[in-house]
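Novice: Sequence:
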Amino acid sequence: MCRTFTQIIQPAVTALIAANYLSVHMNVPWPMLPWYWKVYRAAKVFLVVLMFPDWIFIWALRNFIVVLRARDRLKAARASAHSEWAAHGDDPETPPPWRNRTRFFTAVDKTDGTPMFPLDVDTTIMLITNSRILLPRKETIEGLSKTTYLGQSFAAFELSVFLLKCVRRLVEGLPLANLEVMAFVHASIVIFTFIPWWYKLMALDEPMCVPIESVESVTYTYIFGNQESLYTLCHLRGVPTFWSGDPDNIFVMPQLDEPPPSAPEPAYFLASAAGIPFIVTFGLIHWLASSSNTPATEAERVLWHGAAIAITVVPTAPVLGYLLTVIPILLGNDEWQLHIMIIMMVLTGTAYVVAQVILLAVTCISLHRMPFPVYQTGNLPEFFH
8 MCRTFTQIIQ
18 PAVTALIAAN
28 YLSVHMNVPW
38 PMLPWYWKVY
48 RAAKVFLVVL
58 MFPDWIFIWA
68 LRNFIVVLRA
78 RDRLKAARAS
88 AHSEWAAHGD
98 DPETPPPWRN
108 RTRFFTAVDK
118 TDGTPMFPLD
128 VDTTIMLITN
138 SRILLPRKET
148 IEGLSKTTYL
158 GQSFAAFELS
168 VFLLKCVRRL
178 VEGLPLANLE
188 VMAFVHASIV
198 IFTFIPWWYK
208 LMALDEPMCV
218 PIESVESVTY
228 TYIFGNQESL
238 YTLCHLRGVP
248 TFWSGDPDNI
258 FVMPQLDEPP
268 PSAPEPAYFL
278 ASAAGIPFIV
288 TFGLIHWLAS
298 SSNTPATEAE
308 RVLWHGAAIA
318 ITVVPTAPVL
328 GYLLTVIPIL
338 LGNDEWQLHI
348 MIIMMVLTGT
358 AYVVAQVILL
368 AVTCISLHRM
378 PFPVYQTGNL
388 PEFFH
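In this text, residue positions in the sequence shown follow my numbering: the first is 8, and each later residue adds one.
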């Protein structure tokens, strides 16, 4: 028995769409955007996730680390505010009457109610401690999200079914099409990406606002991605999608001096190190697929093989570069630290982008002449076709 071309393409495309849906948690967008700008931004994000799912995984880990740290600080600020209310004879569980009219999530209001810009964590903590704002209830925030646990669970179920079908074919010794391989690795890494993001809400385009006096230092909170160095934050009215709230970046250098006891490890480095096993696995799946008969020509096989090796090795570059910068420090030449990181990141980053483009190109080119074993179903039940 054989399966049709549609039976090959449709589940793979559906899995890629579901993977993108679960991978990207849009932050607070710019208010009052025209529909065509929303479509453009969504398409841009979709393309980034399609090309760099392992980068999204690192983003999720980095975001999760920052959120855990911010959560503890917000809890401490709220406890301090409750203690102050109690000292003044107020009920710590009931905010003052004016708070019932305050709407807060991430934005500061102008006097006419137009959102100006999000709050950063430090400013939010200051306002909570001084009894200026009150964090919203969990149910209130969840009501603004454009997704539900049911929708997330259904998308995760669809991915799991697709993964099961692919694994069953591999167990039976049947090859996968290049598109199925790409969808398989996307779905695999998305399952891990979704773990730290299970409780993160998606597309809060109706932010709750808090009217306060002008505070020049107010910038962002609840922010996810890594463009911190690309924007003047207080001039933005929305939260960029790829934002993490972590001030560290790829060029953070190790220091031999003993850090303060309260200084946390850079979230960027921790996320990169923790994500290496998963991302290497992501690349190895591509590499193992290149050993099969799936690529139709020898040129395609060579390109796929080389690109798979690149996306397997390149993600280790940030951690390797971070460790290599210790050598100039030990030799007494601090100037070479930044040079090492720049050279390594530019070279490996370029190789990574080229490799992902090659994989996508080979996947698309090979669809019109897939080898016959890809169509075979062997003894698989109809459900696994």
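If you're looking for bench data, these hints aren't it; they were derived computationally from the structure.
Idealized CB from N, CA, C, for every residue including glycine.
Hints should not be assumed to be uniformly reliable.
Distance windows between CB atoms, simulated [claimed, not checked]: (1) Arg-78 x Phe-379: 46 to 56 Å; (2) Phe-53 x Leu-330: 11 to 21 Å; (3) Arg-76 x Leu-374: 37 to 47 Å; (4) Phe-161 x Ile-334: 47 to 57 Å.
Novice: State for each hint whether it applies.
Specialist: Each hint tested on the structure:
no.: 1; hint: Arg-78 x Phe-379: 46 to 56 Å; result: holds, 54 Å
no.: 2; hint: Phe-53 x Leu-330: 11 to 21 Å; result: violated, 35 Å
no.: 3; hint: Arg-76 x Leu-374: 37 to 47 Å; result: holds, 45 Å
no.: 4; hint: Phe-161 x Ile-334: 47 to 57 Å; result: holds, 50 Å
Violated hint: 2 only; the structure is consistent with all others.
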